[in-house]
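Given chain A, work out where chain B should sit, using these hints.
Each chain, letter by letter, is given below.
2 protein chains.
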Amino acid sequence: MSEPTLGVVAVGNALLDVLSNASEEFIAEQHAQFGMEKGSMTLIDEKRAVDLYAMMDAGIETSGGSAANTMAGFASCGGKGGFIGKIADDQLGKIFAHDIKTLGLTFETTPLAVGAPTGRCLVLITPDAQRTMNTFLGASVELSPNDIDEDLIAQAKITYLEGYLFDKEQAKSAFIAAAEAAHANGHRVALTLSDPFCVDRHRSDFLRLVENHVDILFANEDEIKSLFMQENFDDAVSAVSKNVEVAAITRSEKGAVIIAGDQRITVKAEPVETVVDTTGAGDQFAAGFLYGYTEGEDLATCGRYGAIAAAEVISHVGPRPLVRLADLLKEKKAA
Amino acid sequence: MSEPTLGVVAVGNALLDVLSNASEEFIAEQHAQFGMEKGSMTLIDEKRAVDLYAMMDAGIETSGGSAANTMAGFASCGGKGGFIGKIADDQLGKIFAHDIKTLGLTFETTPLAVGAPTGRCLVLITPDAQRTMNTFLGASVELSPNDIDEDLIAQAKITYLEGYLFDKEQAKSAFIAAAEAAHANGHRVALTLSDPFCVDRHRSDFLRLVENHVDILFANEDEIKSLFMQENFDDAVSAVSKNVEVAAITRSEKGAVIIAGDQRITVKAEPVETVVDTTGAGDQFAAGFLYGYTEGEDLATCGRYGAIAAAEVISHVGPRPLVRLADLLKEKKAA
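Chain order of the listed sequences is A and B.
Read left to right, the first sequence gives residues 138 to 472 (the numbering used here).
Read left to right, the second sequence gives residues 138 to 472 (the numbering used here).
I should point out that these hints are in silico values taken from the structure, not numbers from a laboratory.
Accuracy of the hints is not assured; some may be wrong.
As the list claims (entries may be wrong) - Computed cross-link-like contacts, DSS-like style, restricted to lysine-lysine with a CA-CA straight-line distance of at most 25 angstroms: (1) Lys231/A <-> Lys231/B; (2) Lys469/A <-> Lys391/A; (3) Lys184/A <-> Lys405/B; (4) Lys184/B <-> Lys238/A; (5) Lys184/B <-> Lys231/A; (6) Lys184/A <-> Lys231/B; (7) Lys379/A <-> Lys391/A; (8) Lys175/A <-> Lys391/A; (9) Lys469/A <-> Lys217/A.
Said to hold, decoys possible - Estimated spans, in silico, between C-beta atoms of each pair: (10) Asp182/A <-> Arg461/B: 50 to 58 angstroms; (11) Ala463/B <-> Gln267/A: 23 to 31 angstroms; (12) Gln267/A <-> Glu390/B: 32 to 40 angstroms; (13) Arg461/A <-> Ala250/B: 41 to 49 angstroms; (14) Val412/A <-> Glu161/B: 31 to 39 angstroms; (15) Ala191/A <-> Asp288/B: 20 to 28 angstroms; (16) Glu434/A <-> Glu161/B: 32 to 40 angstroms.
Unchecked claim - Interface residues of chain A toward chain B, partial, derived using beta-carbon atoms under 10 angstroms: (17) Met192; (18) Ser200; (19) Leu229; (20) Thr239.
Glycine is no exception: its CB is placed at the ideal position from the N, C-alpha and C atoms.
Excised from the complex, chain A in its bound form (with noise of 0.2 angstroms):
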């Protein structure tokens, strides 16, 4: 047992985003043809990543991930913290490295030498402002046990899971072995579902690991319906009280509610004067809450910290936050 110095690990798919716009017209297109799923995301292989590129319009290319994105925030918040997660040794693997270094994490995942080149996100942009996302995971699903730093993981009071890599058998594993690492140590391990297709795609194996290895879960209402397959919202967050110490359910414009074996804790959404993107507000909101739990706040502050930072994300194109979320925090406070 160690004195946990970090907030937060977290382990990830390491993904360079590709943004660009793209018409409704192409994504129906893309839609009956290749099943892309406007406002989802939706898996892709390598030789099809080449192909959408191909027929995508001049973008830009910016560090993402899910958890990744997360850990952004949380270093925006003043937490710190370190991510596994695997890049190759190409370009677009030192472009994700560098970003999430100079954040002041700690990033020390071997790249893959190899094989598959760095995971990409190929994100089309509609006029409506939403984004549709095609992901190419590349090396980061190569991600294994052996990957898992027990020594970052001694260090952290969380170890944070990004439920998108439970995409590939040996990524699990990864996942057991760094909530068996984080517990060894008497410390908490958090897990996000991502996604309720992907929930759906692995639903017994996320039931299996919420019940054995996870403390803190979050998860919007649609993801935490689908885990238990509970078609009301109660009789989910019924079954999820009786298998974590912590839930966090986001519910968009309805703020989030914080479950605690038998508290109920309704956090409101943070007013946004006009909602620009709001891919991210998910990621932000786990930002915001494990920084206040790796602080010691109680956990309607941790639920307010996670708002503020979901509505600063969703007011601007991008998935991470565009301005320092501890001058935010402390701004609010003082209000």
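Relative to chain A, chain B alone:
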């Protein structure tokens, strides 16, 4: 002699831009230590590019390069054209190639197989919205006379040369080869001086090029004064009128002056609500001007197209237009 089917083929640097925020203090420190010039472009080598990148904040990546940005604007106006520039056979090169091809431009220069990686421009944006550029030219200066596709040049009314490329000997030879190919087909050669420091570094070569090979010259006040070593703008104008058929001199908020023999045509700057980022103004002025010119418009109209394109690009962050310039030109014409 062949009838041209394209408007403009540009010969320029193939660069990826890496943009991130920086403080005034950082720029001042880098100026003291490494001669970084705020608001200007400094050439850096690969080692320095790696070191500087490591010190920069998390950024976004986007295709850049002066003449490539002009061609993006030219295509956005509705023009047909091509680009000749050297990328490496790597991921950044693939991004550059993708972005330029999706603009509808022909781009077939063989990537550099061995040696330098694709060039990049590290752009530091200070809180006053100024951009300080640090360019590692990489593969782009490996452009050689062999890369000058004479068949492509034969198809274009104008071959447009980027002054920045003049920083290496074999690129100079490539320029001459391109100019000779254009003239052999009875077509025009245009040059942009790009940067007063670049003119300082290569004044006599630039003068020889302008005197012997250039029909249309783009420059700003500082560049034209530097080229002819005249302190007075009118003296520089009189010198340039003896050397080229047409010169378009941009003067920031004072608009532009078009010089053709004894003619002096004054072009007013297009009003802009808020100037957000002045980078790319010259490149987009050239884009609009070249579009008008290749469409057979008179010089005053060419200048007005240039002013409209420049106004669009300075009203937002980023050196390429965010709206279809063809629509903007039509709208402004109707008004």
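Now for the hints, and whether the structure bears them out:
no., hint, verdict
1, Lys231/A <-> Lys231/B, "holds, 16 angstroms"
2, Lys469/A <-> Lys391/A, "holds, 20 angstroms"
3, Lys184/A <-> Lys405/B, "violated, 50 angstroms"
4, Lys184/B <-> Lys238/A, "holds, 19 angstroms"
5, Lys184/B <-> Lys231/A, "holds, 15 angstroms"
6, Lys184/A <-> Lys231/B, "holds, 15 angstroms"
7, Lys379/A <-> Lys391/A, "holds, 24 angstroms"
8, Lys175/A <-> Lys391/A, "holds, 23 angstroms"
9, Lys469/A <-> Lys217/A, "holds, 21 angstroms"
10, Asp182/A <-> Arg461/B: 50 to 58 angstroms, "violated, 33 angstroms"
11, Ala463/B <-> Gln267/A: 23 to 31 angstroms, "holds, 26 angstroms"
12, Gln267/A <-> Glu390/B: 32 to 40 angstroms, "holds, 39 angstroms"
13, Arg461/A <-> Ala250/B: 41 to 49 angstroms, "holds, 44 angstroms"
14, Val412/A <-> Glu161/B: 31 to 39 angstroms, "holds, 33 angstroms"
15, Ala191/A <-> Asp288/B: 20 to 28 angstroms, "holds, 24 angstroms"
16, Glu434/A <-> Glu161/B: 32 to 40 angstroms, "holds, 35 angstroms"
17, Met192, "holds, 8 angstroms"
18, Ser200, "holds, 6 angstroms"
19, Leu229, "holds, 5 angstroms"
20, Thr239, "holds, 5 angstroms"
Consistency with the previously given hints fails for numbers 3, 10, ordered from lowest to highest.
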